[in-house]
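These protein sequences, in sequence, are chains R and X. Residues in the first sequence are numbered from 40 upward in steps of one, following my numbering. Residues in the second sequence are numbered from 1001 upward in steps of one, following my numbering.
Hint data in this document are derived by calculation from the structure and do not stem from the laboratory. A few of these clues could be false.
Unchecked claim - Reference excerpt, derived from the structure (chain X facing chain R, CB under 8 Å, subset only):
no. : residue
1   : H1005
2   : L1007
3   : R1010
4   : V1013
5   : R1018
6   : L1020
7   : A1025
8   : V1028
9   : A1032
10  : L1037
11  : R1039
12  : R1042
13  : C1063
What the hints assert, rightly or not - Derived contacts from chain R toward chain X, CB cut-off under 8 Å, selection only:
no. : residue
14  : D57
15  : A64
16  : C110
17  : V114
Unchecked claim - Non-contacting residues of chain X with respect to chain R, defined by C-beta distances greater than 10 Å in every case (computed):
no. : residue
18  : A1029
19  : V1035
20  : D1093
21  : L1129
22  : R1142
23  : C1170
Predicted model, so just to flag it, every value in this text is computed and none were measured. In this text, a Cβ means the ideal position worked out from N, Cα and C, and glycines have one as well.
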Amino acid sequence: MPVAATVLAAVKLALGVDSLSAAVANDLASRYCPVDRAAFLGRLGFLVTVCAAAALALFMLGKRNVRNAQCTELVLIGAYSIALFALGGGALVLFGLTGCLAGSVAGLTWDWPW
Amino acid sequence: MDVIHGLALRYCVRQDARGLIALWALLVALTAGAVTLLRSLRRDIGDRTRRRMVVFAFAALACFILLTVGVGGTIFRWCYESAAPSLGLVAPDVPRGIDALVCLSPHAVGMMSGWILIVLACLVSIGLLALGVLRLRGAVRRALAFAGAGVALLFALADVGLMLFSISWCQSQRLF
């Protein structure tokens, strides 16, 4: 039973992360700035938190499993990769939205509400 | 950087966000694989065939890392150079072949996904090749692994052909 519950929770988390990342990508790729800034940042923050938790879990696992050096190395590389992906992806998203904080620029015809 | 180019940069980051994040994930995964192989090369690998296979896989991953950076940069540049003119802004420097760039730019995310498929197919091909050479025993099993590697490679080549066709389609003089 605990295994089934864990698998179910993992599937639910994966589905939730998938729909959240789709929502963030849709908002970001849209022509307009996100209507609800708090919702957008909340979703992005949740995604980054999931990545950070996964990286931290792998890091702890790697530090605890000291018997098999090769396995430890693989787990640590996985942890660093997830952390790097979260950092780069988050930076890209935030850079794409930097224009949303500025005021409108006279003479520009793009219909983004800057 | 002036205002128009700053806006173009952010516009392209947003327009191609899905593709750029997927490419970033691919780049991180390829780098992690290359680091893993490099560290295993530094350890003592007694078997010469195994060592050759690891060197081959490392070289392939290093090539894919460079190509991914190049492909991502090129596709992003198509959008960046055509962003201002295609949205009606008066840019001081209109790039050469602007029609082709405007034609290519909307397909940027599709092309990035296509590139990811090509790399994954090549990696599957290398994996099956390594499996056949190093692990599998018996002629039939090896033949199946090598046939699978060939099919994956053919899929990647077909995808490269489709990508080149769509690029040349946009650059065709008959379109404009």
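How the hints compare with the structure:
| no. | hint | result |
| --- | --- | --- |
| 1 | H1005 | 12 Å, violated |
| 2 | L1007 | 7 Å, holds |
| 3 | R1010 | 5 Å, holds |
| 4 | V1013 | 4 Å, holds |
| 5 | R1018 | 5 Å, holds |
| 6 | L1020 | 6 Å, holds |
| 7 | A1025 | 6 Å, holds |
| 8 | V1028 | 5 Å, holds |
| 9 | A1032 | 4 Å, holds |
| 10 | L1037 | 11 Å, violated |
| 11 | R1039 | 6 Å, holds |
| 12 | R1042 | 11 Å, violated |
| 13 | C1063 | 19 Å, violated |
| 14 | D57 | 13 Å, violated |
| 15 | A64 | 5 Å, holds |
| 16 | C110 | 12 Å, violated |
| 17 | V114 | 11 Å, violated |
| 18 | A1029 | 7 Å, violated |
| 19 | V1035 | 6 Å, violated |
| 20 | D1093 | 17 Å, holds |
| 21 | L1129 | 21 Å, holds |
| 22 | R1142 | 26 Å, holds |
| 23 | C1170 | 21 Å, holds |
Violation of the numbered hints given earlier is confined to hints 1, 10, 12, 13, 14, 16, 17, 18 and 19; the remaining hints are satisfied by the structure.
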